[in-house]
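S.K.: For the protein sequence lines, the chains are A and B, in the order given.
At position 48 of the first sequence the residue is numbered 48 (the working numbering), and the sequence of numbers has no breaks.
Heads up, the working numbering is the position in the second sequence plus 1000, with the first residue counted as 1.
Hints were generated in silico from the structure; no laboratory data involved.
Take these hints with a grain of salt, some might be off.
[As the list claims (entries may be wrong)] Stretch-level coverage of chain A by chain B, calculated; a stretch enters the list once three of its residues show a Cβ under 8 Å from a Cβ in chain B:
(1) 181-187
(2) 203-217
(3) 243-256
(4) 298-311
(5) 399-408
[As the list claims (entries may be wrong)] On the chain A side, residues computed to face chain B include the following (Cβ under 8 Å):
(6) Ala-178
(7) Ala-220
(8) Arg-236
(9) Pro-237
(10) Ser-238
(11) Leu-338
(12) Glu-459
Note that this is a predicted model, so its numbers are computed, not measured.
All residues carry an ideal CB built from backbone N, CA and C; glycine is no exception.
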Amino acid sequence: MHTTPATTYPGTIGAADAAAPSRDLAVPETQSTIYAWMLTTAALFVILALLGVYMRLVQGGALAGLESWFYPMMTLHGIGMAGLWFVASMACACEALRKHVLASSAVAVFALAGTVVGVVLLLVSVFMGRFAAGWYFLYPLPLQGEWPAWSAVTFLLALTVLGVTWLVWSLDILRAVAVKYSLSHALGWHYLRGETEPAVPPAVIIVTVSMIVNVVALVAAVVVLVLFYLELLTGRPSDALLMKNLTFLFGHTLVNLAMYLAIAVVYDALPDYAGRPWKANKIVAISWNSVLLIVLLAYFHHLYMDFVQPATVQYIGQIASYAASLPAAVVTIFGALLLVYHAPMRWTLASVLFFLGLMGWAIGGIGAVIDSTIVANVRLHNTLWVPAHFHTYMLAGFGIIVGHFYHCGRLQAQGRAERTGYHTVLVTLLVASACGFLAMFYVGGAYSVPRRYSVYPIELAHGATYALWAAVFASVFLLTTVLCLIEVVGSWRKGATGGAEAWVGKSAVAGSLRPSTPNAAIGTSAVSRVDQ
Amino acid sequence: MWISKSVPVSAACLLAVLVAPAGVGAEPPGAVSPTESRLLNRSVPDVPLQLADGRTVSMSSLWQDKPLLVTFFYRNCHGICSPFLGWVRDAVRDDGGSGRDYRILALSFDEEDTAADMRSQADALGLAGDPDWLFAVAEPEALARVTGALDFWYRLDPATGQYDHGALLAAVHEGRVARALLGGSGFVERFRIMARELRGEFIPFYTVPNQTAWRCFSFDPVSGRLYMDWGLLILGVPTLVAMAVTFGLFRRGPRRG
Ligand code: HEM
Chain A
1 MHTTPATTYP GTIGAADAAA PSRDLAVPET QSTIYAWMLT TAALFVILAL
51 LGVYMRLVQG GALAGLESWF YPMMTLHGIG MAGLWFVASM ACACEALRKH
101 VLASSAVAVF ALAGTVVGVV LLLVSVFMGR FAAGWYFLYP LPLQGEWPAW
151 SAVTFLLALT VLGVTWLVWS LDILRAVAVK YSLSHALGWH YLRGETEPAV
201 PPAVIIVTVS MIVNVVALVA AVVVLVLFYL ELLTGRPSDA LLMKNLTFLF
251 GHTLVNLAMY LAIAVVYDAL PDYAGRPWKA NKIVAISWNS VLLIVLLAYF
301 HHLYMDFVQP ATVQYIGQIA SYAASLPAAV VTIFGALLLV YHAPMRWTLA
351 SVLFFLGLMG WAIGGIGAVI DSTIVANVRL HNTLWVPAHF HTYMLAGFGI
401 IVGHFYHCGR LQAQGRAERT GYHTVLVTLL VASACGFLAM FYVGGAYSVP
451 RRYSVYPIEL AHGATYALWA AVFASVFLLT TVLCLIEVVG SWRKGATGGA
501 EAWVGKSAVA GSLRPSTPNA AIGTSAVSRV DQ
Chain B
1001 MWISKSVPVS AACLLAVLVA PAGVGAEPPG AVSPTESRLL NRSVPDVPLQ
1051 LADGRTVSMS SLWQDKPLLV TFFYRNCHGI CSPFLGWVRD AVRDDGGSGR
1101 DYRILALSFD EEDTAADMRS QADALGLAGD PDWLFAVAEP EALARVTGAL
1151 DFWYRLDPAT GQYDHGALLA AVHEGRVARA LLGGSGFVER FRIMARELRG
1201 EFIPFYTVPN QTAWRCFSFD PVSGRLYMDW GLLILGVPTL VAMAVTFGLF
1251 RRGPRRG
């Protein structure tokens, strides 16, 4: 990979200008759980992706006799991947925030433990009870399926554990932000008034917006679960329209937030490689504040086929879906391009993955905007176009996460050389295989192959062909991902003393585990920390 | 489905520690009956019928020009049949659509009933001579085909000589079920909705025969208006909670030091 020497370009802020005030070493930092999250994410991602390959093989007709596991595995893969992406993004965002605010170390460990308990319950429900209601468990299916009653209850309990854990985690992050910033500063409202002080890192603004929205999403999940439990206990059914609205207010919002949190990480780390700061300003503040409102309305596009939903709400859904992509995505991607343009860019595995992640977000976002257009949705609804677009940005999001794990590892492994040639091969293979895998979904969608079919009937035989090709691409993708993850975990080796100690169980002090400036570890001279 | 019964029991056991188990083990009071929606779009067989006036007609001739509301009864019933036919008669009168928008067929499922029994049933309801109210009997095989297609169940209790049976009104449009109503609470209101649909009005609302908790919308079949219900408030709860929590956490302002 090409490495541009760090120089100061005209019109940019160079190393000296951009250097952040160093942290007071006496100020305690939240205990980092990033190492544990990295190992958990790597292990679960590989297992869940294997289930994805299994599904494509079944759809391709290559695994006769194993079809009966399709729907339980689809459920586990879907909820597992969406949940994993969310927690991994949360963990990375928390890691990025550690140098700005002091969150509770106990809550950070609690979040990890609660997530593990929730995952175990999910595994029991799916593997032992064959629970198979799909990742968003749309009402009333969980209570109506062919699986035993206890597996449905275990699934709901798993979601309760996860929901409560993540809610506590989100509230603690908000609390930590509130200790350091006023609400108007944390949301960047002073930029709207034309003020530039205090300088609030974009990551803080994005995380604050995301956590507020996250509380909405998780409380919606709590309400859905309470209504499920009430029905279980009293037999009184819930209103299906209310349940669907609440479910998507939760599910749709949660996966969007997973992306936003990953974006916060890019805002925080990409400048380290560009040798320039990425500061908050009026536009950044406007865009992320509008997200606060818009992202809560975009989910209506999941209810286009629900004729009971008033037509006005459907139009709001289309407008909000368009609007949601504009501020955050366009401003971020444009900002990233400006950041990189003519910068003393240092392309490493981390920065390349950040950049590819943003590109994947843009491509998947365009797919989503097409699908959220009512006239197009009439054709694309519930076809493979849907998994096509969300896999695009979800894979992109995971790219950012993996990039951030690598970035954190490099912070520990001072002075160790990077295997740039090998990384180039890995990234090329990753991109090529992901494109092949995703293209099969897109083509399937464009040719009206429905989603969630375990075996395609004869009229949809072309769906089986796409599935087989997708399985080949996905296998290459998975293999390359494993090699990539080995690199990422390996990146922590050199700094093993710091890394291993840092992950959990020790109260860390700023500066003791990390180099004073990240670029010192990465090897460039410019830094972009804009902390106050 | 067995799960719908066992889920409440298992859930109650698991959650007993958390919530006072008021309804543990009990059959849900207003359990959803899937029968109505299951019948939608079912094809109804075209069988010969003998009407009260002795004519034999094919069933399809009755739904040829307008929808046909089909209900079942037997003359000697000591139970639901007469009250149910009375409800249907009153609902039809109240709606005023008979003859214009639909006609009604009351089909006996008792093989002992004759055309004369049909006339006396029409008399008893004050419907004799109403050309849009048809009372009919059918051959056992034809009857079995119609009741089978509409999942209408009945069983003779030899001890009492009475039939154990349900109460159903199915709207058949061009040979297919357009709507089905089971007798029970809310029948008249749901009849009005069905009648509006048969007139070609789009009703974006379907009340299932149970006590759904916290609906988002309700439909007034008299005015034909959709209005917001309490469920919509629940949809606002997450946002209100998030706002309250955010302002609560940030209320004190940043701490110095
Ligand atoms: C090698 C990687 C992957 C493969 C092979 C794969 C494959 C699949 C397949 C075959 C389906 C079912 C499609 C259908 O409806 O017919 C699916 C669904 C899904 N996948 Fe993936 N996937 C992969 C990665 C991911 C990632 C990274 C995420 C999220 C971060 C994800 C989230 C989901 C979700 C949410 C569903 C929907 C499940 C449902 O409909 O209930 N997948 N995937």
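S.K.: Now tell me if each hint is right for this structure.
M.R.: Here is how each hint holds up against the structure:
For a cut-off of 8 Å, the count of residues in the region 181-187 of chain A with a CB near a CB of chain B stands at 5, and the three-residue condition holds. Counting residues of the region 203-217 of chain A whose beta-carbon sits less than 8 Å from any beta-carbon of chain B gives 5, enough to reach three: the coverage restraint holds. Restraint check on the region 243-256 of chain A versus chain B: 3 residues with Cβ-Cβ distances below 8 Å, three needed, restraint holds. Figure legend: the region 298-311 of chain A, annotated as covered by chain B; annotation consistent (3 residues with Cβ-Cβ distances under 8 Å, at least 3 required).
For the region 399-408 of chain A, the stated coverage by chain B is not satisfied: 0 residues place a CB nearer than 8 Å to a CB of that chain, which falls below the threshold of 3. The restraint placing Ala-178(A) at the interface with chain B holds, with a minimum CB-CB distance near 4 Å, inside the 8 Å limit. The restraint placing Ala-220(A) at the interface with chain B holds, with a minimum CB-CB distance near 4 Å, inside the 8 Å limit. For Arg-236(A), the suggested interface contact is upheld, since its CB lies about 5 Å from the closest CB of chain B, less than 8 Å.
The criterion of a C-beta within 8 Å of any C-beta in chain B is met by Pro-237(A), whose closest approach is roughly 5 Å, and the hint holds. Given the 8 Å rule on beta carbons, the hint for Ser-238(A) holds: about 6 Å separates it from the nearest Cβ of chain B. With its C-beta approaching chain B no nearer than about 31 Å, Leu-338(A) sits outside the 8 Å limit, and its interface hint is violated. Annotation: Glu-459(A) was flagged as interfacial toward chain B, and the flag is violated, the nearest CB pair being 21 Å apart, outside 8 Å.
Hint violations for this structure: numbers 5, 11 and 12, all remaining hints satisfied.
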